[in-house]
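A.B. asks: Fit chain B to the known structure of chain A by using the hints.
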Amino acid sequence: MTPRMPSRASAPPADWRDSLPPAEGRYSYAFLDEGAKREIRRRMLKAVAIPGCQVPFGSREMPIARGWGTGGLQLTLALIGPEDVLKVIDQGADDSVNAVNIKKFVTRVTGVAVTTDTAAATLIQTRHRIPEEPLRPNQLLIFQVPIPEPLRLVEPSERETRRMHAEADYSRMWLYLYEDIVKFNEITVGARYPVLVNRRHLMDPSPIPRWDLPKLDRGEALFLFCAGREKRIYAVPPYTEVQPLAFEDFAFRVEAFAGRRCARCGSVGTYLDEVIDDATGRRTYSCSDTAFCEKALRGNSVKEARPSGEDRA
Amino acid sequence: MREAHSMNHDGRRSQKNYRNLLQALSRPGRVVRLDGPDGVLPFAAAVALAECLLDSEVGFCVIGNGSAQTLQTAIAGATGARTERLEAADFVFFSEAGSRGGARLAKRGGPESPEDGATLVYCLESQPAVVRDRFRVRLTGPGIPESSGIVPEISGIPLEEFQELVTINADYPLGVDAFFVRPSGEVMGLPRSTRIQVR
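Note that the protein sequences, when read in sequence, are chains A and B. Residues in the first sequence are numbered consecutively from 3, following the working numbering. Residues in the second sequence are numbered consecutively from 3, following the working numbering.
Wrong hints could be hidden among the right ones.
As the list claims (entries may be wrong) - Residues from chain B that keep clear of chain A, each with C-beta distances beyond 12 Å, as calculated:
#1 Asp40
#2 Thr72
#3 Gly103
#4 Gln165
#5 Pro193
As the list claims (entries may be wrong) - Label pairs and their in silico Cβ distance ranges:
#6 B:Ser58 / A:Asp119: 55 to 63 Å
#7 A:Arg110 / B:Ala80: 28 to 36 Å
#8 B:Gln71 / A:Asp219: 45 to 53 Å
#9 A:Asp182 / B:Ala78: 49 to 57 Å
#10 A:Arg161 / B:Glu86: 50 to 58 Å
#11 B:Arg197 / A:Asp219: 14 to 22 Å
#12 B:Gly112 / A:Asn103: 33 to 41 Å
#13 A:Arg68 / B:Gln71: 43 to 51 Å
#14 B:Arg35 / A:Asp182: 47 to 55 Å
#15 A:Arg138 / B:Asp12: 23 to 31 Å
#16 A:Ser159 / B:Gly112: 12 to 20 Å
Unchecked claim - Think about it this way: if two alpha-carbon atoms lie no more than 35 Å apart in a straight line, the pair counts; the simulated DSBU-like pairs of lysine-lysine are:
#17 B:Lys18 / B:Lys109
#18 A:Lys106 / B:Lys18
#19 A:Lys106 / B:Lys109
#20 B:Lys18 / A:Lys233
#21 A:Lys233 / A:Lys106
I should point out that these hints are in silico values taken from the structure, not numbers from a laboratory. Remember, it's a predicted structure, so these values are computed and weren't measured experimentally. For each residue, glycine too, the CB sits at the ideal point set by N, CA and C.
One chain only, chain A, in its complex shape:
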């Protein structure tokens, strides 16, 4: 007896997206309903009022998987209006899959203009970088955050970390950094380097490189952070003191790019990605911030990137 083969599922038509009913009417403006926006907006205000403090919120299901920027996306959608100009970057790049898909989605549900120019954007959603070009006071930088709890490195219990924040008991984090120095003569935390905000709350700055941390300190823009999976919002208002944890005799250091420059635009003083040629094994470097690199390449009057640390000479 010949086994019956399962019938093949019919292939979707090439233009299957066109067969969907129009988005208009099916979704609210900016996808989230007004109740969801109001809740996120209330929590954002509390986060701004207590810089660096993690504020819980009811993270919604989004049409992308958790861990792919749902937190940042929810803040963007709760904030955005028709007059905004949106920029989305992923590790500094405007054209990565994550950034392009988020941009496409937000455009579809809002119709706002998008840009790659940092200076032209009013809202910037970012994964793991702060743009090289200095931000203006009226700009909002929204970070996608995978793990909002800086103490998770030293304490697995959420109840315990909340107690530690309540009592400003950060001794175990200090001890962790000290032991690192004893073992390796270096603090091995690269991205997600813990910072103290407004001299009170220990904060995870999301996995941005150490290079970007000085840009958070007394920056002119409002920095908003959101972890969709972990359901936490926190913020750093403009002109707020943000200090990386460091010891008197062991100073905080940013990544060193001594003697290196971008092979594409020739910039020095920017955060560089290492590129290894598979065939020759030759190492070159290029700007991590692709929009900054493009602008520099076009010879626009982009000023030298803001000094970020001492180790870049």
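C.D. replies: Coordinates of chain B only, in the frame set by chain A:
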């Protein structure tokens, strides 16, 4: 696929007003302007604030003189939020410039949840009798670029109310956050992180 670009008038006003409130709280002491709904003068700015932050998920309380009932009715009608005792309210509206001790009773959050502290909204007069008092106040802290501090841009807030906020927010991060609104739509934010000095 067509896109969902339309935003109704109320949604648009709430979005715009919210961005201004965010601006106000992240730059304490500076004045921004809200666009209020028609027909609720002199509380248009307070109702505009309520419209973009309140709904059935939160409780509010209105304290003040005879006009408090008018304000309470306007907010309840515009938002569907439930009225609550002062000690349990998420939002406390004062229908005048002073809280008459009411601010002291508002909730300040707990050590592990300081964000549960109430938001206070003071409704100021259009033409305050005393305008020079504000020069005796200096604000410093997050959101303020000058390390020497700034003078609040809005006048008509009694000095005693600033003193009251200093006392209430002494146990930072526990405390309350405040907005001061004028009938014309002007609003100033004062988060609990702002350090207030009264001379």
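A.B. asks: Please go over all the hints and tell whether each is borne out by the structure.
C.D. replies: Now the hints, each set against the structure:
1. Asp40: holds (20 Å)
2. Thr72: Given that every Cβ of chain A is farther than 12 Å from that of threonine 72 of chain B, nearest at about 23 Å, it holds.
3. Gly103: Holds, because the least Cβ-Cβ distance between glycine 103 of chain B and chain A comes to about 22 Å, which exceeds 12 Å.
4. Gln165: Non-interface label stands for glutamine 165 of chain B: nearest chain A Cβ at 20 Å, farther than 12 Å.
5. Pro193: violated (4 Å)
6. B:Ser58 / A:Asp119: 55 to 63 Å: violated (42 Å)
7. A:Arg110 / B:Ala80: 28 to 36 Å: Holds, at about 31 Å.
8. B:Gln71 / A:Asp219: 45 to 53 Å: For glutamine 71 of chain B and aspartate 219 of chain A the Cβ distance comes to about 48 Å; the hint holds.
9. A:Asp182 / B:Ala78: 49 to 57 Å: holds (56 Å)
10. A:Arg161 / B:Glu86: 50 to 58 Å: violated (28 Å)
11. B:Arg197 / A:Asp219: 14 to 22 Å: holds (18 Å)
12. B:Gly112 / A:Asn103: 33 to 41 Å: holds (40 Å)
13. A:Arg68 / B:Gln71: 43 to 51 Å: holds (46 Å)
14. B:Arg35 / A:Asp182: 47 to 55 Å: Hint holds: Cβ distance 50 Å, inside 47 to 55 Å.
15. A:Arg138 / B:Asp12: 23 to 31 Å: 30 Å Cβ-Cβ, so the 23 to 31 Å window holds.
16. A:Ser159 / B:Gly112: 12 to 20 Å: holds (18 Å)
17. B:Lys18 / B:Lys109: Holds - the C-alpha atoms of lysine 109 of chain B and lysine 18 of chain B are around 28 Å apart, at most 35 Å.
18. A:Lys106 / B:Lys18: Cα-Cα ~23 Å, so holds.
19. A:Lys106 / B:Lys109: violated (42 Å)
20. B:Lys18 / A:Lys233: holds (25 Å)
21. A:Lys233 / A:Lys106: holds (24 Å)
Hint check: violations occur at hints 5, 6, 10 and 19; the rest are consistent with the structure.
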